[in-house]
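> Chains as they are written, first to last, in my numbering: chain A, 1 to 473; chain B, 1 to 195.
These are calculated hints, taken from the structure and not from any lab test. All values reported here derive from a predicted model rather than from experimental measurement. A couple of the hints might just be wrong.
Stated by the list, open to error - Under the rule of at most 27 Å between Cα atoms (straight-line distance), these lysine-lysine pairs were calculated in the DSSO-like manner:
no. : chain 1 : residue 1 : chain 2 : residue 2
1   : B       : Lys38     : B       : Lys63
2   : A       : Lys3      : B       : Lys181
3   : B       : Lys38     : A       : Lys3
Unchecked claim - Label-pair restraints from in silico Cβ distances:
no. : chain 1 : residue 1 : chain 2 : residue 2 : range
4   : B       : Lys76     : A       : Thr20     : 31 to 37 Å
5   : B       : Ser149    : A       : Asp12     : 40 to 46 Å
6   : A       : Ala300    : B       : Arg72     : 39 to 45 Å
7   : A       : Thr20     : B       : Arg72     : 28 to 34 Å
8   : B       : Ser49     : A       : Lys49     : 30 to 36 Å
9   : B       : Lys76     : A       : Lys49     : 39 to 45 Å
Claimed, not checked - Some but not every residue of chain B turned toward chain A, in silico, with C-beta under 7 Å:
no. : residue
10  : Lys38
11  : Leu57
12  : Val62
13  : Ala144
In this text, a Cβ means the ideal position worked out from N, Cα and C, and glycines have one as well.
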Amino acid sequence: MEKGNFEKAWKDAFDGAEVTPSNSVWTNVELELEKSAGGKMKQRLLFYKVLAAASLVFAMGIGGAYYVSVQADYNQTTGSLSVNPDASIKSEINDTQTQIEQHIDNNQEQKASENDRVVNSGNNTSSSLNTLRLQDRNLTSVDKGFSASRNQVEEGETINTSLTGTMPTHDQGLIVSREEDFYNRVTDRFVNRPLPPLANTSKPKLIITEPYTEPDPGMVLLAKLKDEEEKYAAMDKRKSTENIWTSIGVGAGSFNPNTTSSVSVNNNLSSGNNQNPTANAGPSAGSSYSMGLQIGGRIADRFMLLGGLSYLTQNASYTSTVVSMESTNRAASLNDFSNTQSASYASTPYGVNSNLQFVSLPVQAGYLIIDKDFSIQLNGGVSTDFFIVNTLTPDVSGISKITQSAGADSPYRTINFSGLAGTEFSYRFSDHYRIAINPGIRYALNSIYKSDSNAEVAPITFDVALRFRYIFR
Amino acid sequence: MQNGRYIGYMLNEQELIEGCRKGSRASQQALYDRYCKKLMVVCLRYSKSIAEAEDILQEGFVKVFQGLDGFRQDAKLETWMTRIMVNTALNHHRKKLYLFPMVDIEKTDLPENEMGISNLHFTELLTMIQSLPQGCQVVFNLFAIEGYSHKEIADMLGISEGTSKSQYARARVLLQEKLKKESSHYKKVYGERKF
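Hey, can you work out the whole structure from these sequences and the hints?
In structure tokens form, the structure reads like this:
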């Protein structure tokens with residue numbers, strides 16, 4: 001079936017046709033999209049519902065506690081201000097009752113006498129009767145007032161003069177007798193009544209008891225979540241902010257001189273004397289101490305660059321069988337290899353303590369294996385060690401110690417290089433501070449003796465340093 | 001979040017599509033605002049009431065936003081969205097559609113008269129279409145306005161081509177009767193004038 005004018009006319013009729021749908025369509029589309037996006041909207045609504053319910057419970061709890069507290073205060077206050085009906089009003093009513101009964105008796109007596117008078121004197125009767133009727137009405141009103149006030153007292157009503165601002169009903173019952181009596185009674189009551197304890201206090205204080213509040217579970221949960229978020233945010237902040245730091249530290253360890261050949265003194269000794277070709281026995285292992293300042297920076301996510309300045313002192317002991325004799329004072333001293341002018345003599349073996357001191361400029365690269373508050377870091381690098389002095393101290397008397405400083409005459413190289421490797425275990429205990437234990441090895445890359453001294457000493461040091469790091473940012 | 005009502009004026013269609021693909025609610029709202037009125041007419045043609053049409057429109061737009069990643073842009077966006085609305089309408093009424101008996105016919109002989117359709121407002125025509133029986137309404141829309149062939153309609157609805165033709169023929173007869181009625185009323189009011 002081909003399409004003709006009829007179909008074309010229908011198609012054209014709807015070209016550009018528009019009908020505005022109701023606003024609810026978009027709202028429903030939006031809701032459907034939210035639902036399909038993992039029910040996030042549903043979760044949000046549920047969260048807000050729970051939050052609203054929790055808030056309501058919290059508000060009701062606060063309100064309830066406050067109400068209970070205020071009610072307790074109110075009862076306490078009204079208790080002190082209220083008048084005990086048994087004590088004052090009842091006695092007053094009893095008095096009134098007695099007065100009324102007397103009044104009734106008097107009236108009855110008066111009526112009897114009036115009747116006698118009516119019998120006796122006829123024309124005065126009508127006015128007297130009117131007076132009596134009026135008095136009867138007054139008495140009836142008094143009776144009504146009295147019974148009303150008695151009923152109230154029997155029901156145990158507490159009359160609060162200060163809070164209600166209205167007069168007690170039993171007073172209204174008494175008004176009917178005479179208006180001025182009412183005012184007199186009221187004045188009398190307020191003047192003669194003992195004041196409540198609050199009014200007698202020299203410095204009255206308003207005491208508001210703190211309402212008991214039950215912690216709302218929803219709010220507690222939110223607070224916990226907030227704490228967690230802050231904690232993780234702080235951790236992230238710490239990680240991201242530990243970029244530049246400085247540290248000071250001290251270290252101690254073992255020092256191995258690592259002598260590869262015995263120190264020979266042949267070249268340094270004058271000929272013709274008793275000579276010992278092996279003047280010094282191989283030094284035994286000693287100790288090493290260091291202290292220094294380090295500066296570090298993060299150059300990549302897990303890579304660090306470390307530099308600094310350290311002072312090193314290394315001690316080793318060995319045995320010597322040679323002494324040097326100065327020509328001028330003939331005082332015996334340790335054999336000074338460098339002093340070619342001194343004469344050396346063989347001696348009985350004696351112990352010598354050698355103390356080497358350096359200033360070191362280490363440069364290391366570090367890699368963070370664990371980058372948390374507790375961190376583990378591998379360090380490796382080289383240090384340039386500037387020789388300061390070597391002190392040789394004999395352990396026997398009669399032989400003086402000698403010091404050998406750096407310089408052209410010194411057998412020690414002024415500049416030495418060492419390889420460094422170590423591991424750093426550290427813990428960050430605040431935003432700006434971290435403490436670290438740093439076991440490591442220092443290996444001399446060259447002999448600390450000059451090449452013409454016939455000695456090869458490349459010390460190896462194993463030490464453990466304790467460092468305090470201050471983190472700038 | 002920006003309001004889609006405002007960014008709809010600022011962004012072109014491609015930017016809106018990109019925004020919708022990223023899940024921007026403002027872009028989705030802007031796209032909705034741009035096409036909802038035209039597509040509402042499509043939905044009205046396939047439904048019996050405004051409420052029903054709005055249900056189809058809502059369901060159709062959700063499909064549009066969910067399926068926008070698959071829109072290859074080899075067709076116009078409006079055409080693609082119209083197709084989604086039509087499919088949604090067909091799914092919406094599929095069960096009801098088969099409640100109506102359809103008689104196979106092979107040949108129809110219908111007069112080629114546009115019967116003064118151009119003189120009527122589209123809302124009047126909409127009313128006529130909505131008054132058709134369900135099957136006739138769907139087939140008429142698909143054939144006359146959407147432009148599908150009877151074979152395509154038969155495939156879409158899972159019916160024979162003959163059934164599609166017979167339903168269309170019936171729809172056309174019914175519409176022509178309505179148009180004739182409207183035309184006589186029109187002539188009474190306006191005479192023989194052409195607008």
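> Compare the structure with each hint and give your call.
Going down the list of hints, with the structure as the test:
no. : hint                           : in the structure
1   : B:Lys38 / B:Lys63              : holds, 17 Å
2   : A:Lys3 / B:Lys181              : holds, 23 Å
3   : B:Lys38 / A:Lys3               : holds, 23 Å
4   : B:Lys76 / A:Thr20: 31 to 37 Å  : violated, 22 Å
5   : B:Ser149 / A:Asp12: 40 to 46 Å : violated, 19 Å
6   : A:Ala300 / B:Arg72: 39 to 45 Å : holds, 43 Å
7   : A:Thr20 / B:Arg72: 28 to 34 Å  : holds, 30 Å
8   : B:Ser49 / A:Lys49: 30 to 36 Å  : holds, 34 Å
9   : B:Lys76 / A:Lys49: 39 to 45 Å  : holds, 44 Å
10  : Lys38                          : holds, 6 Å
11  : Leu57                          : holds, 6 Å
12  : Val62                          : holds, 5 Å
13  : Ala144                         : holds, 4 Å
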